[in-house]
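Q: Here's the letter readout for the chains.
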Amino acid sequence: MLTTLNPRIFFGCAVLLALVFTAVFAPWLAPHDPLTQDLLYGSLPPAWSVGGEPAYLFGTDTLGRDILSRLIFGAQPALIVAVAGAGLAAIIGVSLGLMAGFRGGWIDSSISRLVDVWMAFPAVLLSIVLVAILGAGLGSVVLAIAIIDWTRFCRVVRAETMQQAQLDYVVSARTIGFTGFQTLTREVLPNLWPLILTLFTLEMGIAIVVEAILSFVGLSVSSDMPTWGSLIRDGRLYVNQIPWLLGLPVLAIAITVLGLNALGDGLREALDPSVRV
Amino acid sequence: MMIGPGATEQDIAQLKALYGFDQSLVMQFWLFLQSALSGDLGTSISLKREVTELIGERLPLTIELSMLAIALAVTLGGLAALLGTYARGSWPERMLDSLIGATIAIPDFLWALAGILLFGIVLAILPAFGLMNGELRFTPATGFYLTEALLTGRFDVLGSMMVHLLMPALSLALPLTAIIARVLKASLIEVMGQEFILLARTRGYSRWRVLLREALRNAAIPALTLTGVQFTFLVGGTVLIEKIFGLPGVGAMAIDAVTNRDLPLIQGVVLTFALIFIVVNLLVDLLNAALNPRLRGA
Numbered sequence: 005m006l007t008t009l010n011p012r013i014f015f016g017c018a019v020l021l022a023l024v025f026t027a028v029f030a031p032w033l034a035p036h037d038p039l040t041q042d043l044l045y046g047s048l049p050p051a052w053s054v055g056g057e058p059a060y061l062f063g064t065d066t067l068g069r070d071i072l073s074r075l076i077f078g079a080q081p082a083l084i085v086a087v088a089g090a091g092l093a094a095i096i097g098v099s100l101g102l103m104a105g106f107r108g109g110w111i112d113s114s115i116s117r118l119v120d121v122w123m124a125f126p127a128v129l130l131s132i133v134l135v136a137i138l139g140a141g142l143g144s145v146v147l148a149i150a151i152i153d154w155t156r157f158c159r160v161v162r163a164e165t166m167q168q169a170q171l172d173y174v175v176s177a178r179t180i181g182f183t184g185f186q187t188l189t190r191e192v193l194p195n196l197w198p199l200i201l202t203l204f205t206l207e208m209g210i211a212i213v214v215e216a217i218l219s220f221v222g223l224s225v226s227s228d229m230p231t232w233g234s235l236i237r238d239g240r241l242y243v244n245q246i247p248w249l250l251g252l253p254v255l256a257i258a259i260t261v262l263g264l265n266a267l268g269d270g271l272r273e274a275l276d277p278s279v280r281v
Numbered sequence: 015m016m017i018g019p020g021a022t023e024q025d026i027a028q029l030k031a032l033y034g035f036d037q038s039l040v041m042q043f044w045l046f047l048q049s050a051l052s053g054d055l056g057t058s059i060s061l062k063r064e065v066t067e068l069i070g071e072r073l074p075l076t077i078e079l080s081m082l083a084i085a086l087a088v089t090l091g092g093l094a095a096l097l098g099t100y101a102r103g104s105w106p107e108r109m110l111d112s113l114i115g116a117t118i119a120i121p122d123f124l125w126a127l128a129g130i131l132l133f134g135i136v137l138a139i140l141p142a143f144g145l146m147n148g149e150l151r152f153t154p155a156t157g158f159y160l161t162e163a164l165l166t167g168r169f170d171v172l173g174s175m176m177v178h179l180l181m182p183a184l185s186l187a188l189p190l191t192a193i194i195a196r197v198l199k200a201s202l203i204e205v206m207g208q209e210f211i212l213l214a215r216t217r218g219y220s221r222w223r224v225l226l227r228e229a230l231r232n233a234a235i236p237a238l239t240l241t242g243v244q245f246t247f248l249v250g251g252t253v254l255i256e257k258i259f260g261l262p263g264v265g266a267m268a269i270d271a272v273t274n275r276d277l278p279l280i281q282g283v284v285l286t287f288a289l290i291f292i293v294v295n296l297l298v299d300l301l302n303a304a305l306n307p308r309l310r311g312a
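Note that the protein sequences, when read in sequence, are chains A and B.
Using this note's numbering, the final residue of the first sequence is 281, and nothing's skipped along the way.
Using this note's numbering, the final residue of the second sequence is 312, and nothing's skipped along the way.
Everything labelled a hint here was simulated from the structure, so no lab data went into it.
It is possible that part of the hints are untrue.
Unchecked claim - Computed far set for chain A versus chain B, every beta-carbon distance over 10 Å: (1) 133; (2) 190; (3) 220; (4) 240.
Stated by the list, open to error - Pair ranges (Cβ atoms, derived): (5) B:147 - A:197: 40 to 50 Å; (6) A:32 - B:169: 53 to 63 Å; (7) B:219 - A:178: 55 to 65 Å; (8) A:241 - B:149: 44 to 54 Å; (9) A:24 - B:21: 46 to 56 Å; (10) B:140 - A:40: 32 to 42 Å; (11) A:275 - B:41: 35 to 45 Å.
Keep in mind that this is a model prediction, so the values were computed, not measured.
Just so you know, even glycine gets a beta-carbon here, dropped at the ideal spot from N, CA and C.
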């Protein structure tokens, strides 16, 4: 299908693979335990600067925990939230979008109205309030992402389903006796996969940022699990003493988000001939 | 959480009665609605003050920050779009486009932190925390810091605040700047292909003049509509940005209210933001109708 590999897809895949690799092999990659405190070695600078220890490549935080190890272990919750949050949002959004686009009528108008109201409220405030209600923890973060961002899938899938429903193959499926549900799942849904995959990739990036935001305001997971967001929170507090504690997780999130965006854009271009210029 | 472990049954019952938790949920909501409509949002549990008073004190700063950010977004976004259209087909246009792409992808939260690192720490040219220099004393009566400092001639306060607010406003503005630049450029290019532009060019007007005088006016409407729609997201972004930069606005208070489980304050803040969004959306619709005659009467 792809004669020449799109550079954006290549970059995106590389970033995604690196994230998965880091998360899965974190216990072997990390030079130290991310939770072990060593107050004798607190606030160490990176290994190459004056006063740095070779054992701690990027130095330590105020409690003497190895920053590089915490960064590596932070890939785990990031990956979990990205896959589970985007997955759950996709399941809710795609189901409702298919229903709205295929059935039309009052089902469509009530779902569309709900999407409009949902999207009018800024996600940041909504996610903070939601997690405050649901309680802290990785599960709540995933749930909050799904509750907020299902609309992104629903809106696009609805519009596409409406278009597909007009096409001949859908009419043929109905004439050979397929029920509405069969037509949707066996005929329409397979045609939507490229679109859903694109949206899923973009949503993974958003989910990682949302987790970082919630960790930053202290609402995500407990402190015995290092996340990029909790590193950012510590880094913001001690930015004058240990700026790299803030810089490294910001860089990690920025590269991940840029990579996932590039992958999404590249996939959209590769899978949909109409946007090719 | 609000009461010690040695509390008696009677203490607990008293506390429940104080906050109305002894009533049914429907009744609680009805009581809340009644008092909210009469302008009473209750008392904050953590700050022990009237919620309406707290919001009234802190909302003006959030409004001023949002206004500053939107002004930056429109100026920078418009400039980027004009430059991109002018330099069409050359390498600066491609560079500008990839810059805009990266700017859209990265959220305001990360821009703010990257800004703190680059301008606050590495270059150390901008302050990374607070509202103004520590030695300045200024408490505005209306709560509107910038406006009041300007009107009362406190230019030392105004200058210090502008320097402190530059980074927060810029990080709020950047994603919107990129969106404006992209949409405005697309419609500028479309308009530039039309006949009346060719006519103006044959009259001997320069490209800049045609771009500014003829094309911009016709291309601005889609970008303006979008700016209005996106403005609510910018206001929502103040929640985090105020917290990151330590600014005493409603947004930072919202986060504190959530961490302190201060229910009356959370209710009040969410209600305030919801009201702002409704008002902004209404204004955008009115502005659209005024700019686009085809929408009138609908």
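Q: Next, verify each hint and record whether it holds.
A: So, going through the hints one by one against the coordinates:
A beta-carbon of chain B comes within 10 Å of the beta-carbon of residue 133 of chain A; the shortest separation is about 6 Å. Every CB of chain B lies more than 10 Å from the CB of residue 190 of chain A, the least distance being 36 Å, so the non-interface label holds. With a cut of 10 Å on Cβ distances, residue 220 of chain A falls inside the contact zone with chain B, its closest approach being about 8 Å. Its closest Cβ contact with chain B, about 7 Å, brings residue 240 of chain A to no more than 10 Å, contrary to its assignment away from the interface.
The given range of 40 to 50 Å is broken by residue 147 of chain B and residue 197 of chain A, whose C-beta atoms sit roughly 57 Å from each other. For the pair residue 32 of chain A and residue 169 of chain B, the supplied restraint of 53 to 63 Å holds, since their beta-carbon distance comes to about 60 Å. Hint check: residue 219 of chain B to residue 178 of chain A, Cβ distance near 59 Å, so the stated range 55 to 65 Å holds. The hint said 44 to 54 Å for the Cβ distance between residue 241 of chain A and residue 149 of chain B, and at roughly 24 Å that hint is violated.
Checked against the given bound of 46 to 56 Å, the beta carbons of residue 24 of chain A and residue 21 of chain B, roughly 51 Å apart, stay inside it. Taking the beta carbon of each, residue 140 of chain B and residue 40 of chain A are about 37 Å apart, inside 32 to 42 Å as hinted. The hinted range of 35 to 45 Å is not satisfied by residue 275 of chain A and residue 41 of chain B, whose Cβ atoms lie roughly 54 Å apart.
Of the numbered hints stated above, those contradicted by the structure are hints 1, 3, 4, 5, 8 and 11, listed in ascending order.
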